[in-house]
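Peer 1: Each chain is listed here by its residues.
There are 6 protein chains.
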Amino acid sequence: MKKTAIFPGSFDPYTMGHKSVVDQGLSLFDRVIVAIGINVEKRGLLTPENRVALIRDLYHDEPRVEVITYEGLTADLARRLGTPFLLRGMRNTVDFEFERNMMQLNQALNPELTTVLLFTPPEYVAISSSSVREIIAFGGDVSSFMPPGIDLKKYI
Amino acid sequence: MKKTAIFPGSFDPYTMGHKSVVDQGLSLFDRVIVAIGINVEKRGLLTPENRVALIRDLYHDEPRVEVITYEGLTADLARRLGTPFLLRGMRNTVDFEFERNMMQLNQALNPELTTVLLFTPPEYVAISSSSVREIIAFGGDVSSFMPPGIDLKKYI
Amino acid sequence: MKKTAIFPGSFDPYTMGHKSVVDQGLSLFDRVIVAIGINVEKRGLLTPENRVALIRDLYHDEPRVEVITYEGLTADLARRLGTPFLLRGMRNTVDFEFERNMMQLNQALNPELTTVLLFTPPEYVAISSSSVREIIAFGGDVSSFMPPGIDLKKYI
Amino acid sequence: MKKTAIFPGSFDPYTMGHKSVVDQGLSLFDRVIVAIGINVEKRGLLTPENRVALIRDLYHDEPRVEVITYEGLTADLARRLGTPFLLRGMRNTVDFEFERNMMQLNQALNPELTTVLLFTPPEYVAISSSSVREIIAFGGDVSSFMPPGIDLKKYI
Amino acid sequence: MKKTAIFPGSFDPYTMGHKSVVDQGLSLFDRVIVAIGINVEKRGLLTPENRVALIRDLYHDEPRVEVITYEGLTADLARRLGTPFLLRGMRNTVDFEFERNMMQLNQALNPELTTVLLFTPPEYVAISSSSVREIIAFGGDVSSFMPPGIDLKKYI
Amino acid sequence: MKKTAIFPGSFDPYTMGHKSVVDQGLSLFDRVIVAIGINVEKRGLLTPENRVALIRDLYHDEPRVEVITYEGLTADLARRLGTPFLLRGMRNTVDFEFERNMMQLNQALNPELTTVLLFTPPEYVAISSSSVREIIAFGGDVSSFMPPGIDLKKYI
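Same order as they appear, the protein sequences are chains A, B, C, D, E and F. Under the numbering used here, read the first sequence as residues 1 to 156, first letter to last. Under the numbering used here, read the second sequence as residues 1 to 156, first letter to last. Under the numbering used here, read the third sequence as residues 1 to 156, first letter to last. Under the numbering used here, read the fourth sequence as residues 1 to 156, first letter to last. Under the numbering used here, read the fifth sequence as residues 1 to 156, first letter to last. Under the numbering used here, read the sixth sequence as residues 1 to 156, first letter to last.
For reference, chain A alone in the conformation it holds in the complex (with noise of 0.2 Å):
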């Protein structure tokens, strides 16, 4: 049977963190979900459809990795989709207790899912989508946060 996980996250950029957890994912799991949460009261640096336009031109040649927005809970769109499985990565003990909460408020939404966890690497543990959004906000080059091969610029 076909393993699917739910990659769930604003991804307001897609950033070499998110890069490297999904690529962990894809040798664990058939398939890989991009899901990127739509919270359509906050304006971000990216449209939703610039944002799924930047992870898709990245996994243009790699068909295991989807990308669809959603709307509400994480809990329901995983049984909308028909999988147990949350992938998320974690960068230090922030993250450790948020992704705690985060598994025990989903299971008590849906208690059929299983969250799992991978390490991001050291090299990437400083990068997230808000300092990227920072860095730029203060004319700061983050194309060393990027995914190779991908132009923050035309996406913003």
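A hint or two may mislead.
It does not matter which identical chain is used: a pair holds within one copy or between any two.
[Stated by the list, open to error] Here are the simulated DSS-like cross-link-like pairs (lysine-lysine), alpha carbons at most 27 Å apart as the crow flies:
#1 154 x 19
#2 42 x 2
#3 42 x 153
#4 19 x 42
#5 153 x 19
#6 19 x 2
#7 3 x 19
#8 3 x 153
#9 2 x 154
#10 153 x 2
#11 42 x 3
Hints are computed from structural coordinates only; laboratory data are not their basis. Treat the numbers as computed from the prediction; the structure is a model and nothing was measured.
Use these hints to put chains B, C, D, E and F onto chain A, whose structure you have.
Peer 2: Chains B, C, D, E and F only, in chain A's frame:
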């Protein structure tokens, strides 16, 4: 001499996690005052009046629990109420660092204060008012996070 | 292709916490190898043979769980067994820091390795082999920490 | 009804950190029982008799503090003493994770138990019995870590 | 060769905690530049001009402390000022995780940078600019959190 | 005036992690004294003489690094050497809590002391002397954890 503890918070809304702390606190103190801190600049999920109503409904058979609202510093509230005891629940290491800071600040403002900490039971560790609000915003079911007998919809 | 995970540890003894990780792991992997690391210089509560026996008894109806003992580095064991996946459970931030170190060390020794982390469910977070050993030393009852059907006394 | 708390530990030796917890505890409880856990296999800096003597000398004017020794599980001691309250001090996040585990284990062994946590004041956060023992082994002066009036040399 | 450290922050307002870091930094460096990062979109308690004035008033007898404002990335500021040293204080594990991230980001942007960390003394660990602002909003007295001789009201 | 830092530790053995801290320290201090604390009751992997030899071999071209051994308290060593600066590296939150305790203890014993903390670079975060010893005990290859040019076998 009767011992009274103040249990300060926003309680927007009061959850099973809060209830588990007050339940333990009632074995320790003669009276627990649930003190709802009001921030006039911030609109919550529940109005202050409805937060009070929810907690009063929950404890209508427990005369040892009182519910009040307050503005300003908790350290000043404790002085006005004439009790040195603050009651707080702790869920994880992020809470721990926050509570330790609050304790030190409160003691600088009112050296009489003693902060009494109780563990949130493991099954309620993931429950917080903010996660309840988020799940509601996404249309999820929060009944398992609320004290038995409390229908949150009545107070929103 | 079948996916196999190594679940390394001392398992002196195997507890409900370990079982909860393997149970989740079986939904993710085709096979889980419980690999008991043997330290000849350290006398445990259970002999290596009895640790194996306990785990085999527990999984006698689950052919997808294998039990082996090994000496030496886990990174070398993974190479010999021909699988890149290490399965580990995490309970708290102290575990997190330990597991992150182990992951980085293992990857320095065997760059193929992927460490897959699963959360220990909240109700088993306090259970560890060392706490079981300590409670037994003090004459306490550990039956609620052991997998159902396992009578630890038979293996000591 | 009088409220009694058990303050369990090794107290080898009792330090200013311990005293600060008991001082706060006395405002909360009618009686605090300092319960010295004896591990017959481990030789300490102070004999159990001298640990008792030091603490009794310190509280000779405070009849609300009792000192006892015990072997076995704290959860059983609480049952024998007929009190559900364990008193513990917390210094940092490593303590937090340890205490949360202990609380959960104790509750599995004795569901009546409530663990009451107090913060060690910031100026005593670094003081532990093990650091006192280490400083003494290196010939250092520990008088600032001991309660006023206690000359540790008399008890070694 | 003279050694200069940049002490970056918002300093809204500068507190005893900041002063304790700079005091230690002056024993290590020949010169400390307090660099006030300006975020034009965020209105603070103090205007940038008044933040500068407060810090200059405090150090009017200490020519080795300079005060500047800057916009943009700290990594770029360090390049412009020609010094590789960033000075930062740390209070707790949440600060630690934040500072480690900042260090790694800064080094990706400017590989020359060295982040030098000093502990905030225990008695000032709870003091932060945001807690000072909150206490003021609630009408509390923050004089014990401010450096001696500084009357915060003059700068608001 | 020349500034000297003491870098205290067991260094059994000295690793790339230690080297990365001293390298950063040399940009900050005029001289770094690597101070090997000797515990006569504990037999290590390397003799004290060989620990000294390894570090001296590594820095034979760097006259600003000295290597000494000492017994007793680091706070006393600093007094004897006439320098107030202790240099320490930090890898994770467990290190952070340990270092904060040490800093506070050292300052109680010698109020002149300033502990200067530097981050271990992310790629060396998992390396510790104890992990090197464990890998060697299991027959693994530690060359990537050792400073370039150092063949650990020569010193064992």
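Peer 1: What hint numbers does the structure not satisfy?
Peer 2: Of the numbered hints given earlier, those the structure breaks are 2, 8, 9, 10, 11, listed in rising order.
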